[in-house]
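Visitor: Line by line, the protein sequences give chains A and B.
Residues 1 to 557, numbered by the numbering used here, are exactly what the first sequence covers, in order.
Residues 1 to 557, numbered by the numbering used here, are exactly what the second sequence covers, in order.
For the record, the hints were derived by calculation from the structure and aren't laboratory data.
A hint or two may mislead.
[To be verified] Using 20 Å as the maximum straight-line C-alpha spacing, the simulated EDC-like pairs for lysine to aspartate or glutamate come out as follows:
| id | chain 1 | residue 1 | chain 2 | residue 2 |
| --- | --- | --- | --- | --- |
| 1 | A | Lys512 | A | Asp536 |
| 2 | A | Lys228 | B | Asp46 |
| 3 | B | Lys7 | B | Glu426 |
| 4 | B | Lys343 | A | Glu307 |
| 5 | A | Lys355 | B | Asp46 |
| 6 | A | Lys355 | B | Glu138 |
| 7 | A | Lys343 | B | Glu413 |
2 protein chains.
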Amino acid sequence: MAKKETKKIRIIPLGGLNEIGKNMTVIEYDNDMIIVDCGLGFPDEDLPGVDLVIPDITYLEQNREKLRGIVLTHGHEDHIGAIPYVLRSLRTPVYGTKLTIGIIENKLDEPENELSYIPELVTVCAGDTVKLGVFSVEFIRVNHSIADACCLAISTPIGTVIHSGDFKLDLTPIEGEMMNLTRLGELGNKGVLLLMCESTNAERPGYTPSERKVGQTLENIFVTNKNKRVLIATFSSNVHRVQQIIDISAKCGRKVAITGRSMLNIVGAATELGYMNVPKNILVDINDIKRYNPEQLTIITTGSQGEPMSALSRMAFGEHSQVSLGPSDVVVLSSSPIPGNEKLVGRIINELCRKGVLVMHDSEQVHVSGHACSEELKLMQALTKPKFFMPIHGEYRHLAANKELAVTLGIDESRIFISDIGRVLEVSRTEARFNGTVPAGRVMVDGYGVGDVGSIVLRDRRHLAQDGLLMIVTAIDEMGRVIISGPDVVSRGFVYVKESEHLMEDVRKMAKNIIEKHLYSWDDIDYAHLKSRLKDGISGYLYEQTHRNPMIIPVIL
Amino acid sequence: MAKKETKKIRIIPLGGLNEIGKNMTVIEYDNDMIIVDCGLGFPDEDLPGVDLVIPDITYLEQNREKLRGIVLTHGHEDHIGAIPYVLRSLRTPVYGTKLTIGIIENKLDEPENELSYIPELVTVCAGDTVKLGVFSVEFIRVNHSIADACCLAISTPIGTVIHSGDFKLDLTPIEGEMMNLTRLGELGNKGVLLLMCESTNAERPGYTPSERKVGQTLENIFVTNKNKRVLIATFSSNVHRVQQIIDISAKCGRKVAITGRSMLNIVGAATELGYMNVPKNILVDINDIKRYNPEQLTIITTGSQGEPMSALSRMAFGEHSQVSLGPSDVVVLSSSPIPGNEKLVGRIINELCRKGVLVMHDSEQVHVSGHACSEELKLMQALTKPKFFMPIHGEYRHLAANKELAVTLGIDESRIFISDIGRVLEVSRTEARFNGTVPAGRVMVDGYGVGDVGSIVLRDRRHLAQDGLLMIVTAIDEMGRVIISGPDVVSRGFVYVKESEHLMEDVRKMAKNIIEKHLYSWDDIDYAHLKSRLKDGISGYLYEQTHRNPMIIPVIL
């Protein structure tokens, strides 16, 4: 029995299923365990004040002696952003391609991410295989919206597991190779036990266009606006996009200025590591742009998601110290808004229009996705011919759409597994089935605090945001017999107090009555009971008067 | 001079420009004033806890003796929703078509909207003209996503002003006439002084498809899913859409059940007023649906925007008492998400997919817009040939796009005016120019309170939502010499207190030091100074320790 048990691989997603971001998957066999990706997520509006979300790694901490390493598919935050937090509690080697490891090194150099030891960061190339316990992990080139992305073929004692990472097929990539379909096909011919495949664009039909398509559109914009300054906002990590913008600018005889902290960092790192090729003398300092006429200049900036503190946002609202915009500018938002950011992006567009700027955005083909659409996803499946299939990376709708694609390729539904974070899929040579769960969830990062903002804190924040608060503060004598001071009523975020003086006075009187009644009727003062009487009485009264429900906080000294 | 002054019309938007919703425009000539539309807006995420936003009507209150009436273009909330609030302070007649007035009557019947007098609500038909002081207002049929919509031709002593309302051109409307292009052309031939035209879809090229197109798509869905129950979520006010769903269901031999309060209300009102034609015996009570097989039933529901308390949301999350969904259901979201609602709608889609429901949404042509696209907007301008043009209804980007359309038709830029709320455009027979401003803005409605939630309350709510609060409560003796109780430290929404006991203890000690130092060093206790010392000291310390910035509330008894 025990022998049979060890012949199963356990696949445990700790993030990235039924959510966007914080991608992390555990692959376990007997006494060996590896982690694929280690990402963070950005908080929804139901997590007020939270800066970041990272996966719950309780299960890893419980099994730290099994852990052989973390393998990374590419350098996007939703795949590597939790590395600084995870390395604080787990000492384990980290494997990734040059750009991926370069980005992590920069991250770990920031003071708040400093580790108490020197981590083992190992650079690999596409085509390399690393041995981690019983596993051999082969890095295979894919195309994506960041350079040097790979999918992984993980060889285990009972078969090969393929993890797609994030990918698209780009037949005309800007730099480097196209996705290695041949190798995937070879693995497929040898036999793949399980394919885990990303689902981001599974609902979109067809193929994602090549990154080069954006270059063509951008070049047209440069040509038709040759008397204007061109500003392009895009994701800093999309170094191929930035490379294209620099190349087109060079071709058009323009200088290029770069603004935004992350854009400057990435261009620096990517150039140093050889991922970008910046012609000599083309870059000019953002402080020197006044020396150039509009038609001599391209500006590349962050802020394509409408982030309120970004360089583009400051330009739009006239708060950028070097760049002021007007009718001689074209602004290109070379991106598409991440769901939830539509209004932020809209606000920027309005401000730019107001300044007379010509704005080009999503709808004008100035952006392509980095993720495979349905035909590419089907191609991945058709080449690898997996025995079992698990859609990953996406909300339920995306996972379900990816499952449907597999079904159209003839994979039997019984061999497709839509999992969830913390859910264990056990796979043997011949069968796969769900078997139990492990701890999994969201750990909130707020300021320096990791995990100290829990459901009660968040519930209180949401409550406070809705209707504010009202405090009733009273001091009672030591005998618990008379009020010696107060009750005072203090409110914040509830009503405009100056216009609600009589309401506050009513609350004060009511609180006084409740407290005095309590003091008269009890020998020993029961604080919990008194507080709950105050809360109920006053919140009932306020709702009746205002139809609002502020948080009532009684304090008795 | 005085004579010349009276020869100008004043156009004053009080809402609907540089924002979505709360449409309201004042038209003034000498001693007469009318209001076109009286809408509400829905709060952005920067207005936490706010239920609705209505226009600031200070200017109307200051000029109430001039006011001759409110004329309404159609019955959508963003055009009539502020009526109950405005009629509370302004007694003036209200003119609208039958459905519009019917919806307002229902609204005013709700207990919270009760007026202290019987308002004068006047029903007109498309084609009617009403005389209001020096103005004659002609109601002209347009198509829109609600029945009985009109644009307005307002004849003034110095020329005709056209206000488009919300419109589209539907050559094959479901019920009633197509937009009265002929009348608009006649007015254009006679001469139009000013056109105010909506801008919602000005960025979209081409024509908006006919409402009938949706009927065709829906019919296909019924045919291809003839063994399933079909649920369709749509805007309750789109009675033509609801009519089509009922007609198709009748054709397919299905019964129709309706759920959601506003859907039931509207179907009732529209049927009673003759806007809908519901075949006998087709409607079944939602409580009786268990008597029918899936293929015998259509359910029409509210909740197409993902509203958390709506019928559809309750179904998706398994909390609807009559409808439980599964693989034998098709759910059609016959709507497109209003910007900002994408995530709410996405959440519903995920839950439906999880239940095995087949979900059809926006991307599958199950919805058409109610607003004119660029070619229809140009048609409106081309027919009316206005001397002056003012784009209305939209954010700046939409107004600017509508202006560009006018420019392509040859209207000189100097005759196009992008205005703002509160900004006065003066128009004479020969010229138009901006001249000053009047009070305008957003009035928040929160519970029973209208206007008592101002910028300070909202700032506090946003602050509380981010990092919560920390109170320091102390009682001091009457002489202001010694602490007699406390300081106590109470926090909400800041950190999980049980895990931060030492932090709280540090804060308590620090507060104690600050207070005692103050009591020793001052003869007369200066509460304001002490409080500000506490705030600064403690917020500095907390930021250093936690990188968070809770609201600090010192209370001294």
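Visitor: Could you run down the list of hints and mark each one as holding or not?
Guide: Against the structure, the hints:
no.	hint	verdict
1	A/Lys512 <-> A/Asp536	14 Å, holds
2	A/Lys228 <-> B/Asp46	35 Å, violated
3	B/Lys7 <-> B/Glu426	10 Å, holds
4	B/Lys343 <-> A/Glu307	18 Å, holds
5	A/Lys355 <-> B/Asp46	23 Å, violated
6	A/Lys355 <-> B/Glu138	37 Å, violated
7	A/Lys343 <-> B/Glu413	29 Å, violated
In terms of the numbered hints stated before, the structure departs from hints 2, 5, 6, 7, listed from lowest to highest.
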